[in-house]
Amino acid sequence: MELSKTNLNSLSLLKKIPKSVHQELLSLVFGVLLQQVDETEIEKSQTLKQIDSTLLKEVYSGLITIIIQAIKANLNEKSLAHFLKDTNSPTEFVGLLSTAYGKTFQKIRETHLETTGFYLKRLISINWRMDYIIKSNKIEQIDKPVYFIDLNLQKKDGQIEKLKFSCDTNQLQDLVTTLKDAVLAKKTQK
Amino acid sequence: MVIIYFNNEQKEDLQFLQELSFEVGSKIVQVSIDFFKGNYNPKLLQNVSTKLNLPQLKVERCVYGLSYLFTESSKLSLSKSDFLESINAISPTKEIEECLLESYQKNREEMRRILSEMSLKLPSIDSLQWRLDVQISSRRTSNEAKPVYLLKLKTSDNRTVWFQADYNELESITNQLEIALKESKSQHYKRIKKYIK
Numbered sequence: 001m002e003l004s005k006t007n008l009n010s011l012s013l014l015k016k017i018p019k020s021v022h023q024e025l026l027s028l029v030f031g032v033l034l035q036q037v038d039e040t041e042i043e044k045s046q047t048l049k050q051i052d053s054t055l056l057k058e059v060y061s062g063l064i065t066i067i068i069q070a071i072k073a074n075l076n077e078k079s080l081a082h083f084l085k086d087t088n089s090p091t092e093f094v095g096l097l098s099t100a101y102g103k104t105f106q107k108i109r110e111t112h113l114e115t116t117g118f119y120l121k122r123l124i125s126i127n128w129r130m131d132y133i134i135k136s137n138k139i140e141q142i143d144k145p146v147y148f149i150d151l152n153l154q155k156k157d158g159q160i161e162k163l164k165f166s167c168d169t170n171q172l173q174d175l176v177t178t179l180k181d182a183v184l185a186k187k188t189q190k
Numbered sequence: 001m002v003i004i005y006f007n008n009e010q011k012e013d014l015q016f017l018q019e020l021s022f023e024v025g026s027k028i029v030q031v032s033i034d035f036f037k038g039n040y041n042p043k044l045l046q047n048v049s050t051k052l053n054l055p056q057l058k059v060e061r062c063v064y065g066l067s068y069l070f071t072e073s074s075k076l077s078l079s080k081s082d083f084l085e086s087i088n089a090i091s092p093t094k095e096i097e098e099c100l101l102e103s104y105q106k107n108r109e110e111m112r113r114i115l116s117e118m119s120l121k122l123p124s125i126d127s128l129q130w131r132l133d134v135q136i137s138s139r140r141t142s143n144e145a146k147p148v149y150l151l152k153l154k155t156s157d158n159r160t161v162w163f164q165a166d167y168n169e170l171e172s173i174t175n176q177l178e179i180a181l182k183e184s185k186s187q188h189y190k191r192i193k194k195y196i197k
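So the protein sequences, as listed, match chains A and B. Take 1 as the starting number for the first sequence in UniProt numbering and just add one per residue. Take 1 as the starting number for the second sequence in UniProt numbering and just add one per residue.
What the hints contain is simulated information worked out from the structure, not anything from laboratory work. Some clues are possibly wrong.
Claimed, not checked - Cross-link-like lysine-lysine pairs, in silico, BS3-like; alpha carbons within 27 Å at most:
1) Lys144(A) with Lys185(B)
2) Lys144(A) with Lys80(B)
3) Lys182(B) with Lys121(B)
4) Lys27(B) with Lys51(B)
5) Lys80(B) with Lys135(A)
6) Lys138(A) with Lys80(B)
7) Lys144(A) with Lys190(B)
8) Lys121(B) with Lys152(B)
9) Lys121(B) with Lys138(A)
10) Lys155(A) with Lys152(B)
11) Lys144(A) with Lys106(B)
12) Lys190(B) with Lys135(A)
13) Lys152(B) with Lys180(A)
14) Lys182(B) with Lys180(A)
15) Lys197(B) with Lys135(A)
16) Lys57(A) with Lys19(A)
17) Lys154(B) with Lys186(A)
18) Lys11(B) with Lys138(A)
19) Lys75(B) with Lys144(A)
20) Lys107(A) with Lys152(B)
21) Lys144(A) with Lys197(B)
22) Lys19(A) with Lys85(A)
23) Lys193(B) with Lys144(A)
24) Lys182(B) with Lys193(B)
25) Lys164(A) with Lys185(B)
26) Lys182(B) with Lys187(A)
27) Lys182(B) with Lys197(B)
28) Lys194(B) with Lys144(A)
29) Lys37(B) with Lys144(A)
30) Lys155(A) with Lys146(B)
31) Lys182(B) with Lys164(A)
To be verified - If you want the footprint, here are the derived chain B segments under chain A, 3+ residues with CB under 8 Å:
32) 67–80
33) 110–124
34) 146–152
35) 175–188
Stated by the list, open to error - Short, incomplete list of chain B residues facing chain A, as computed with Cβ under 7 Å:
36) Thr155
37) Phe163
38) Gln164
39) Tyr167
Idealized CB from N, CA, C, for every residue including glycine.
Here chain A stands alone, though its shape is the one from the complex:
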């Protein structure tokens, strides 16, 4: 994993930040990566106000870069910790960072990186089931058929994701018509 000198340097700058603030900084960094927290929260934070803002900016951008590069390179928790040990950063912080990284790695990869890449999930197979609705606890005498459709999609790493939805007869008819058009489009082209 290649990192610029300034990024690596930012980790050693952590020594200038009091330990009590480390956890807060980490939660904000991961919050931003998971898109749960806006970057402006960092300026608003009371605990982080005590730190010199240039120092804070350097450390923050260094952390974000390191985490994203690590996810890109598919490093697991241990490899990341190993890599960080060589960079002169406080050991306690390395522990906190690797643990948080291990927990959120999959989610950040899915929300951020896979959507900006160009591998889409592939449709593999379909399962369907037809039921006849008689009644529910809210309403009786429904007497309508319903279809449950299960699409199997395969992601890049081979994992299968199931996409489930229901539809009534009219919606299924529309769906079949749309798909038939799609299939016909290819036939008329070739």
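Please arrange chain B on chain A, whose structure you already have, making use of the hints.
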């Protein structure tokens, strides 16, 4: 023959309607219909009770009782005779009886629609959009012409899923779904439908 059963509390609350004039009674019925459709406004109840010079608690409980009546009767899809038989338990005046029946018949379909929205269900499909592309080259291969379908599926819980499929897969799922659709016209389905009715 299906009737709604009222417990003693509800009977008491609804018998309050007897003490009222027809105009007042029908206003309260109207309020409970609106209540059911989702326009619940506690201030409105307050205004109605002060305008009609009635104790607010009694009006409120009467409205709840009426909502129960309309919910159950729509849920069970009561026929006219069953509905009249059910409200006999609270012995309304002839005019109130007609007013209740009319409100029920007028609003039944809409109330059933609201009830089915509230029922248990999986997210349903909103739309499926597709696009046919030809993959010309990629990092590992070049000078090929592979047709690729790009699909976007939207479901009613506001989820949008993008995925791709090749021609064979798309053809096979289209066939599968056509078979599914044919099931709704099959003998077996018609038999079940008849038996359940």
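Going down the list of hints, with the structure as the test:
Restraint check for Lys144(A) and Lys185(B): satisfied, since their Cα atoms lie roughly 13 Å apart, inside the 27 Å limit. With a C-alpha separation of about 23 Å, the suggested pair Lys144(A) and Lys80(B) falls inside the 27 Å cut-off, and the hint holds. A C-alpha spacing of about 23 Å is found between Lys182(B) and Lys121(B), which places the hinted pair at or below 27 Å, so the restraint holds. A C-alpha spacing of about 11 Å is found between Lys27(B) and Lys51(B), which places the hinted pair at or below 27 Å, so the restraint holds.
Between the alpha carbons of Lys80(B) and Lys135(A) the distance comes to roughly 21 Å, so the proposed pair stays at or under 27 Å and holds. The hinted pair formed by Lys138(A) and Lys80(B) meets the criterion: a straight-line CA distance of about 21 Å does not exceed 27 Å. Between Lys144(A) and Lys190(B) the alpha-carbon distance is near 12 Å, which keeps this suggested pair within the 27 Å criterion. Among the hinted pairs, Lys121(B) with Lys152(B) is consistent with the structure: their alpha-carbon atoms are about 22 Å apart, no more than 27 Å.
Straight-line distance between C-alpha atoms of Lys121(B) and Lys138(A) comes to about 12 Å, which keeps the hinted pair within the 27 Å bound. Between Lys155(A) and Lys152(B) the CA atoms are separated by roughly 16 Å; this keeps the pair inside 27 Å, and the hint holds. Simply put, Lys144(A) and Lys106(B) have alpha-carbon atoms about 23 Å apart, close enough for the 27 Å limit, and the pair holds. Distance hint between Lys190(B) and Lys135(A) is fulfilled; the C-alpha atoms sit about 18 Å from each other, no more than 27 Å.
Of the pairs offered as hints, the one joining Lys152(B) and Lys180(A) holds, with about 16 Å between alpha carbons and a cut-off of 27 Å not exceeded. Restraint check: the Cα-Cα separation between Lys182(B) and Lys180(A) comes to about 15 Å, which is no more than 27 Å; the hinted pair holds. Pair hint Lys197(B) plus Lys135(A) holds up; C-alpha atoms about 12 Å apart against a cutoff of 27 Å. Distance restraint check for Lys57(A) and Lys19(A): the Cα-Cα separation of roughly 17 Å lies within the 27 Å cut-off, and the hinted pair is therefore satisfied.
Proposed proximity of Lys154(B) and Lys186(A) is supported: the alpha carbons are some 23 Å apart, at most 27 Å. The straight-line distance between the Cα atoms of Lys11(B) and Lys138(A) is roughly 22 Å, inside the 27 Å bound, and the hint therefore holds. Distance hint between Lys75(B) and Lys144(A) is fulfilled; the C-alpha atoms sit about 15 Å from each other, no more than 27 Å. With a C-alpha separation of about 22 Å, the suggested pair Lys107(A) and Lys152(B) falls inside the 27 Å cut-off, and the hint holds.
As the CA atoms of Lys144(A) and Lys197(B) are separated by approximately 11 Å, the hinted pair is consistent with the 27 Å bound. For the given pair, Lys19(A) sits about 18 Å from Lys85(A) by alpha-carbon distance, which is consistent with the 27 Å threshold. Between Lys193(B) and Lys144(A) the CA atoms are separated by roughly 9 Å; this keeps the pair inside 27 Å, and the hint holds. With a CA separation close to 15 Å, the supplied pair Lys182(B) and Lys193(B) stays within the 27 Å bound.
Under the criterion of a C-alpha separation no larger than 27 Å, the hint pairing Lys164(A) with Lys185(B) is consistent with the structure, at around 24 Å. This hinted pair checks out: Lys182(B) and Lys187(A) have alpha carbons roughly 24 Å apart, not beyond 27 Å. In summary, the hint linking Lys182(B) to Lys197(B) is supported, as the alpha carbons are separated by about 21 Å, within the 27 Å threshold. A distance of roughly 12 Å separates the Cα atoms of Lys194(B) and Lys144(A); the hinted pair therefore holds under the 27 Å criterion.
For the suggested pair Lys37(B) and Lys144(A), the alpha carbons sit about 23 Å apart, so the restraint of at most 27 Å is met. This hinted pair checks out: Lys155(A) and Lys146(B) have alpha carbons roughly 20 Å apart, not beyond 27 Å. For the proposed pair Lys182(B) and Lys164(A), the alpha carbon gap of about 21 Å is at most 27 Å, so the pair holds. Check result for the region 67–80 of chain B against chain A: holds, 4 residues qualifying (beta carbon to beta carbon below 8 Å, three or more required).
For the region 110–124 of chain B, the stated coverage by chain A is satisfied: 10 residues place a CB nearer than 8 Å to a CB of that chain, which reaches the threshold of 3. Coverage of a stretch by a chain is defined here by at least three residues with a beta carbon nearer than 8 Å to that chain's beta carbons; for the region 146–152 of chain B and chain A the count is 4, and the condition holds. Counting residues of the region 175–188 of chain B whose C-beta lies closer than 8 Å to any C-beta of chain A gives 7; at least three are required, and the coverage claim holds. A hinted interface residue such as Thr155(B) counts as satisfied when its beta carbon comes closer than 7 Å to some beta carbon of chain A; here the least separation is about 5 Å, so the hint holds.
Below 7 Å, beta-carbon pairs count as interface contacts, and Phe163(B) has one with chain A at about 4 Å; its hint therefore holds. Residue-level restraint check for Gln164(B) holds (minimum Cβ-Cβ distance to chain A is 4 Å; threshold 7 Å). With a least beta-carbon distance of about 5 Å to chain A, the hint placing Tyr167(B) at the interface is held under the 7 Å criterion.
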